[in-house]
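Asker: Chains Y and U, in that order, are what the protein sequence lines are.
Quick note on numbering that gives the first Met the number 0: the first sequence kicks off at 0 and runs consecutively.
Quick note on numbering that gives the first Met the number 0: the second sequence kicks off at 0 and runs consecutively.
Just so you know, the hints here were simulated from the structure itself, not pulled from any lab data.
Just so it is clear, the structure is predicted and the values come from calculations on it, not from any experiment.
C-beta atoms are modelled at their ideal positions from N, C-alpha and C, and glycine is treated no differently.
Hints are supplied without guarantee of correctness; some may be wrong.
Computed, partial: chain U to chain Y, Cβ under 7 Å [claimed, not checked]:
(1) 4
(2) 6
(3) 15
(4) 18
(5) 19
(6) 21
(7) 22
(8) 25
(9) 26
(10) 45
(11) 48
(12) 66
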Amino acid sequence: MISRTSGILLVSYILVFLGGFGYLVSPSPEIAGVIHDSEALIWGLFYLAGGLIAAIFTGLRPILLTKITPLWYFEVAGISLIVSANLVHMYALYEIALMTGQVNLLALAAVIIAYTLTLIGRCVEVLSLIRYLSQFALTPDSEG
Amino acid sequence: MENFIPILLSAGGAAFLTALITGIRSLSSSKLESEAALMKRLNDAIRDGSEREDALEIAKKKEEDRAEMFRLERDEALEKAAMYRRRLIDHGINPEG
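Could you build the full structure based on these sequences and the hints that come with them?
Answerer: Structure representation (structure tokens):
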């Protein structure tokens, strides 16, 4: 059964995936004004792929594969893409705020930083847990 | 600052690939087992470690007791030696000579 934490994270990753899909279908005018079209496409793909990969492995890990520890690495991989896209988004907002003087965009950038830091915190927690558990993991050569 | 966005995207891509490759390598190099089995082994290891620590503690305590006994015996021997020395001197015999 999926835990509450995993369930909440799963929903958030699905929302990121939908957000990325939305940005690909209808590009963000803020981003388009600051970065090139190809970069904007990659940026949208990062949200799409990052959200999808993180959602798949967060969902799969507790249910289908009886909680295999290394699957957390794939969630971290998805989070890396989301974090990168968030940083690009934040940078774009910062640039627009400098150009137009819209301070409220800086507030939005701060909220994005907060979400990014939360994701980085999740990565740190997961990686330290993997490191701790892997000390006791069996290899195909060892006997269990 | 023009290259800042490609750098951010490249860094994200590199982190993604690193985590992906690490995950694949970890999956292929370790025996696939549930975390419940892993936690059971971890608990056993902690219990074993704790028992080993207890045994070490007991051995250390025994050593300390033995050392204390040796110290008392040594002190008694020194006292006896001092007493014999005084008696010798009292009897006009120089133990150093």
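Asker: Against each hint, give a clear statement of whether it holds in the structure.
Answerer: Comparing the hints with the structure gives:
1. 4: Cβ of residue 4/U sits 5 Å from chain Y, so the hint holds.
2. 6: For residue 6/U, the interface hint is violated, since the closest Cβ of chain Y sits about 10 Å away, which is over 7 Å.
3. 15: At 4 Å from the nearest chain Y Cβ, residue 15/U passes the 7 Å test, so the hint holds.
4. 18: 4 Å, holds
5. 19: Status holds, d = 5 Å.
6. 21: Hint on residue 21/U: holds, closest Cβ of chain Y at ~5 Å, below 7 Å.
7. 22: Result: holds, 3 Å to nearest chain Y Cβ.
8. 25: 4 Å, holds
9. 26: 5 Å, holds
10. 45: At about 10 Å, which exceeds the 7 Å cut-off, the nearest Cβ of chain Y leaves the hint on residue 45/U violated.
11. 48: Residue 48/U check fails; min Cβ-Cβ to chain Y is 12 Å, beyond 7 Å.
12. 66: 36 Å, violated
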